[in-house]
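Following the working numbering, the numbering of the sequence shown begins with 1 at its first residue and continues without gaps.
It is possible that some hints are incorrect.
Computed cross-link-like contacts, EDC-like style, restricted to lysine to aspartate or glutamate with a CA-CA straight-line distance of at most 20 Å [claimed, not checked]:
no.	residue 1	residue 2
1	Lys95	Glu152
2	Lys84	Asp40
3	Lys145	Asp116
4	Lys145	Asp89
5	Lys137	Asp40
6	Lys122	Glu136
7	Lys84	Glu152
8	Lys172	Glu105
9	Lys83	Glu52
10	Lys112	Asp189
11	Lys62	Glu105
12	Lys137	Asp163
Distance windows between CB atoms, simulated [unchecked claim]:
no.	residue 1	residue 2	range
13	Ala123	Ser147	34 to 40 Å
14	Met193	Glu136	34 to 40 Å
15	Lys51	Ala108	22 to 28 Å
16	Thr58	Asp121	33 to 39 Å
17	Lys137	Ser161	19 to 25 Å
Rather than coming from a laboratory, the hints here were simulated on the basis of the structure. Glycine included, C-beta positions come from ideal geometry on N, C-alpha and C.
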Amino acid sequence: MKSLRLSRTVISGASAVILPVTLGVMAPQAFADTASAPADPYGPACASVPKEGSGSLTGMAKDPVATAASNNPELSTLTAAVKKAGLVDTLNNAKNITVFAPSNEAFAKIPKADLDKLLADKAQLTKVLTYHVVGEKLTQQQLYKGSFKTLEGGTLTTAGSGDSITVNGTSKIVCGSVPTANATVNIVDTVLMPPK
1 MKSLRLSRTV ISGASAVILP VTLGVMAPQA FADTASAPAD PYGPACASVP
51 KEGSGSLTGM AKDPVATAAS NNPELSTLTA AVKKAGLVDT LNNAKNITVF
101 APSNEAFAKI PKADLDKLLA DKAQLTKVLT YHVVGEKLTQ QQLYKGSFKT
151 LEGGTLTTAG SGDSITVNGT SKIVCGSVPT ANATVNIVDT VLMPPK
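When you get a sec, could you build the whole thing from the sequences and use the hints?
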């Protein structure tokens, strides 16, 4: 009985010594996991996203990005453009991407004649749309000050703090960190044009 008790004491003593060491090793990993965990969606336009159904924030999280966008009424112009450019499968099959998705209001800022011309030119439309996609999932914190290569080949710059983030100095993220099955979506209030 004494040896069992002594054995417990030794184990308890070893555990007491190992526990702080283990916590010291694990703590940075725990913080790293927290930093990479998906953020809650933020921004004033998130309030206009449907509360239920496949176009809701919860519903969008279940579908790949192009499908998720097609279910959100705030992104119907973008969805039509993605279909016209033939990018639905490309976006749905991509892994861990970030999409800066122009809202319907963003497209409405473009003069109708210019928008019609863009939608009629598949090569130019593809260039503009792929300029809105970064080949990695970006966190809100990464967007506070960043420069990111797009699938089009150009670079987007982001700056801000808290829930106020701009892209290329002019386009505001109005609903950010929206998860989909394969992407993070940041809805923007201005269509981003690649440099010429």
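Report task. Identify every previously stated hint that the structure contradicts and give their numbers, smallest first. Result -> 2, 3, 4, 6, 9, 11, 13, 14
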